[in-house]
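Visitor: Letter by letter, the chains look like this.
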Amino acid sequence: MLELVGIAAVVGVLVAAAVSVVFGTNLVHSVLLLAVMLFTTAVLFVILDAPFLAGIQVMLYAGGVVTLMLFAIMLTRRSGGVAVNNETIKGRRLPAAILCSGLFALLAWSIHQTTDFPNGGDNVLATRQLGITLFTEQALSFEVLGVLLLAATIGAIVLARKRDHGEPEPAGAFQRPARGRKEATR
Amino acid sequence: MTLVNVLYVGVLLFCLGLYGTLTRRNVIGILLSVEIMANSVNVILVAFSRFTQNLLGQVFAVFVMSLTVAEVVVGLALVILLYRTMRHTDIDEASRLRH
Numbered sequence: 001m002l003e004l005v006g007i008a009a010v011v012g013v014l015v016a017a018a019v020s021v022v023f024g025t026n027l028v029h030s031v032l033l034l035a036v037m038l039f040t041t042a043v044l045f046v047i048l049d050a051p052f053l054a055g056i057q058v059m060l061y062a063g064g065v066v067t068l069m070l071f072a073i074m075l076t077r078r079s080g081g082v083a084v085n086n087e088t089i090k091g092r093r094l095p096a097a098i099l100c101s102g103l104f105a106l107l108a109w110s111i112h113q114t115t116d117f118p119n120g121g122d123n124v125l126a127t128r129q130l131g132i133t134l135f136t137e138q139a140l141s142f143e144v145l146g147v148l149l150l151a152a153t154i155g156a157i158v159l160a161r162k163r164d165h166g167e168p169e170p171a172g173a174f175q176r177p178a179r180g181r182k183e184a185t186r
Numbered sequence: 001m002t003l004v005n006v007l008y009v010g011v012l013l014f015c016l017g018l019y020g021t022l023t024r025r026n027v028i029g030i031l032l033s034v035e036i037m038a039n040s041v042n043v044i045l046v047a048f049s050r051f052t053q054n055l056l057g058q059v060f061a062v063f064v065m066s067l068t069v070a071e072v073v074v075g076l077a078l079v080i081l082l083y084r085t086m087r088h089t090d091i092d093e094a095s096r097l098r099h
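Residue numbers (the numbering used here), protein chains in the order written: chain C, 1 to 186; chain W, 1 to 99.
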C-alpha cells in the first residue's frame with residue numbers, strides 16, 4: 001500500500017512536470033521543470049529495476065542536456081532583459097489538441113483492449129549482464145553509435161563556429177592587408 | 001506497478017510532448033518537447049524490458065538516450081546559428097532560406 005502511494009506520487013510529479021513544461025510561458029522555467037521531469041524519470045527507472053539507466057539519466061540529461069539548454073537560452077536571449085518568448089502558436093492549438101487527444105485515445109484504447117501482457121517474474125536484470133550484451137551481441141551498434149556521436153560533435157562545432165560569412169581564410173601573406181582594410185571599413 | 005500502468009504513463013507523456021512540438025513558437029521549446037517524447041519512449045522500453053525479462057529493451061534505451069543527446073547538441077547549434085542570422089528564435093518567422 002505504501003509502495004503504491006509512493007509510485008503514484010512519482011508518476012504524479014512526472015506528469016505534472018511534463019504538463020508544466022509544455023504549457024508554461026517562461027522558457028527558463030520550462031527547462032528547469034524539464035530537469036525535474038528527467039530526475040523523476042530516473043526514479044521511475046529505479047522502480048523498474050534499471051539502476052544503471054537511472055544513473056545515465058541523471059548524468060547525461062539532468063547534468064548535460066539541461067545545462068546545454070540553459071546555455072542556449074542565455075545566448076539567444078534578446079538584449080534588454082526581456083523574458084524569453086515561449087508562447088504557443090494560437091491558430092495551431094486546437095488542431096494540435098484534437099490530434100494529440102485522438103492519438104492518446106487510440107493508444108489508450110488499444111492498451112485497454114490488450115489482455116495478455118507479459119509478466120515474466122521478478123528477477124532483477126543485472127547491470128553486468130547489460131554490459132555483456134552491449135559489448136558482445138550489440139557491439140556493432142555500439143561502435144556505430146560512437147561514430148554518430150563524433151559526427152554530431154564535429155557538426156555542432158562547425159555549425160556554431162563564428163564565421164566570416166563565407167569568405168575563405170586568406171591563403172597567402174599578401175592577402176592579409178586587403179582583409180584588414182575591409183575590416184576597417186566595416 | 002504493472003506494465004499497463006507504465007504504458008499509460010508513457011503514452012500520456014508522448015502525447016503531451018507531441019502537443020508541445022506542434023504548438024511551440026520558440027525552437028528551444030520545441031526541442032524541450034522532443035525531449036519529453038524521447039523520454040516517454042525510454043520509459044516504455046525499460047518497462048517492457050522489466051516485464052519480459054529481456055535486456056534488449058534497456059540496451060535500446062541506452063541507444064535512444066545517446067541519440068537524443070546528439071540531436072540536442074546539433075539542434076542547439078542550429079538554434080545559435082539561427083539566432084546569429086535572424087536575431088530571434090521564432091520558428092514561424094524562420095521561413096526564408098537566405099537572410
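Don't read these hints as lab results, they were simulated from the structure. Check each hint, because a few of them may be wrong.
[To be verified] Just the calculated beta-carbon pair ranges, DEER-fashion:
1. T85/W to G12/C: 22 to 32 Å
2. D90/W to E3/C: 19 to 29 Å
3. P95/C to T85/W: 26 to 36 Å
4. T67/C to T2/W: 29 to 39 Å
5. L2/C to D90/W: 41 to 51 Å
6. T85/W to E143/C: 16 to 26 Å
7. E93/W to T67/C: 45 to 55 Å
8. L103/C to D90/W: 19 to 29 Å
9. H88/W to P95/C: 20 to 30 Å
The C-beta atom is built at its ideal place from N, Cα and C for all residues, glycine as well.
Visitor: With reference to the structure, classify each hint as holding or not holding.
Guide: Hints, one by one, checked against the model:
Separated by about 42 Å at the C-beta atoms, T85/W and G12/C break the suggested range of 22 to 32 Å. Against the hinted window of 19 to 29 Å, the Cβ-Cβ separation of D90/W and E3/C comes to about 46 Å, which falls outside the hint. Separated by about 30 Å at the C-beta atoms, P95/C and T85/W satisfy the suggested range of 26 to 36 Å. Between T67/C and T2/W the beta carbon distance is about 35 Å. The supplied range of 29 to 39 Å therefore holds.
One distance hint, 41 to 51 Å for the beta-carbon pair L2/C and D90/W, holds here, with the actual separation near 48 Å. Between T85/W and E143/C the C-beta distance comes to about 36 Å, which lies outside the given range of 16 to 26 Å. Under the hint 45 to 55 Å, the C-beta atoms of E93/W and T67/C, about 28 Å apart, miss the expected range. One distance hint, 19 to 29 Å for the beta-carbon pair L103/C and D90/W, holds here, with the actual separation near 26 Å.
With their beta carbons about 24 Å apart, H88/W and P95/C fall inside the hinted range of 20 to 30 Å.
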